[in-house]
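S.K.: Each chain is listed here by its residues.
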Amino acid sequence: GEDVEQSLFLSVREGDSSVINCTYTDSSSTYLYWYKQEPGAGLQLLTYIFSNMDMKQDQRLTVLLNKKDKHLSLRIADTQTGDSAIYFCAESIHTGGFKTIFGAGTRLFVKA
Amino acid sequence: GAGVSQSPSNKVTEKGKDVELRCDPISGHTALYWYRQSLGQGLEFLIYFQGNSAPDKSGLPSDRFSAERTGGSVSTLTIQRTQQEDSAVYLCASSPRGTSGPNEQFFGPGTRLTVL
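Top to bottom, those sequences are chains A and B. Just so we're on the same page, this note's numbering is the position in the first sequence counted from 1, plus 1159. Just so we're on the same page, this note's numbering is the position in the second sequence counted from 1, plus 1114.
Bound-form chain A, shown alone:
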């Protein structure tokens, strides 16, 4: 079945790098996404990667995809207190349209 798993918590010090990991099960995923949810707000797309790529860099964000192991990671360089939020990994599955499966979210705590 379709499933996306990620660890629930991560704590880092300001200025360090954060790495949030995710595994997924559906090998037919076309795109994989990272969304950010700040307290009291809806989710916002941070970045995405097409399934035939293995890396994508966008300013402080680096996404790595290991399609063989069905493993996705998000690295945030020079983590700031404003990066504290819940980060959701998600995969799109073609079912004639797009069904998106989200993980449980990783809560990132950034200590000053």
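Treat each hint with caution, since some may be false.
Label pairs and their in silico Cβ distance ranges [claimed, not checked]:
| # | chain 1 | residue 1 | chain 2 | residue 2 | range |
| --- | --- | --- | --- | --- | --- |
| 1 | A | 1219 | B | 1171 | 36 to 44 Å |
| 2 | B | 1197 | A | 1211 | 37 to 45 Å |
| 3 | A | 1172 | B | 1166 | 48 to 56 Å |
| 4 | A | 1168 | B | 1184 | 38 to 46 Å |
| 5 | B | 1121 | A | 1197 | 16 to 24 Å |
| 6 | B | 1167 | A | 1187 | 14 to 22 Å |
| 7 | A | 1212 | B | 1171 | 30 to 38 Å |
| 8 | A | 1187 | B | 1218 | 13 to 21 Å |
| 9 | B | 1153 | A | 1210 | 42 to 50 Å |
| 10 | B | 1166 | A | 1252 | 18 to 26 Å |
| 11 | A | 1175 | B | 1166 | 46 to 54 Å |
| 12 | A | 1164 | B | 1119 | 41 to 49 Å |
| 13 | A | 1203 | B | 1215 | 16 to 24 Å |
| 14 | B | 1197 | A | 1182 | 28 to 36 Å |
Think of the hints as simulated: they come from the structure by calculation, not from any bench. Please read all numbers here as calculations on a predicted model, not as lab measurements. Here a beta-carbon is modelled for each residue, glycine too, at the ideal position from N, C-alpha and C.
Please build the complex by placing chain B on the supplied structure of chain A, with the hints as guidance.
M.R.: Using the frame of chain A, we list chain B on its own:
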């Protein structure tokens, strides 16, 4: 520009009552999604509308849950005979994409439902 809006922002109801949650997607977006976010849980997919196609209802947890999308725009999620386990934040999202390309979803702020 207007984003996705949801109403009400908070809803407290008694067990056994019916509730309706509303979502106004971004104008022109062809796809609309409903999710449920429970405390400590991820986003649980409920239902997906894409244009004029039949909705994907595979995530609805029971027949007490239903949703419709009128005129390809506003959507209403209805929960009949609410139970305490229905308490959660219900999130709506819309997407401009059809059936190809990355599927960026734009989320509303959610409706927090509390069933007493």
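S.K.: Does each hint hold? Answer for all of them.
M.R.: Right, here's what the structure says about each hint:
{"no.": "1", "hint": "1219(A) x 1171(B): 36 to 44 Å", "result": "holds, 39 Å"}
{"no.": "2", "hint": "1197(B) x 1211(A): 37 to 45 Å", "result": "holds, 44 Å"}
{"no.": "3", "hint": "1172(A) x 1166(B): 48 to 56 Å", "result": "holds, 51 Å"}
{"no.": "4", "hint": "1168(A) x 1184(B): 38 to 46 Å", "result": "holds, 41 Å"}
{"no.": "5", "hint": "1121(B) x 1197(A): 16 to 24 Å", "result": "holds, 21 Å"}
{"no.": "6", "hint": "1167(B) x 1187(A): 14 to 22 Å", "result": "holds, 19 Å"}
{"no.": "7", "hint": "1212(A) x 1171(B): 30 to 38 Å", "result": "holds, 32 Å"}
{"no.": "8", "hint": "1187(A) x 1218(B): 13 to 21 Å", "result": "holds, 20 Å"}
{"no.": "9", "hint": "1153(B) x 1210(A): 42 to 50 Å", "result": "violated, 32 Å"}
{"no.": "10", "hint": "1166(B) x 1252(A): 18 to 26 Å", "result": "holds, 21 Å"}
{"no.": "11", "hint": "1175(A) x 1166(B): 46 to 54 Å", "result": "holds, 49 Å"}
{"no.": "12", "hint": "1164(A) x 1119(B): 41 to 49 Å", "result": "violated, 32 Å"}
{"no.": "13", "hint": "1203(A) x 1215(B): 16 to 24 Å", "result": "holds, 19 Å"}
{"no.": "14", "hint": "1197(B) x 1182(A): 28 to 36 Å", "result": "holds, 32 Å"}
In terms of the numbered hints stated before, the structure departs from hints 9 and 12, listed from lowest to highest.
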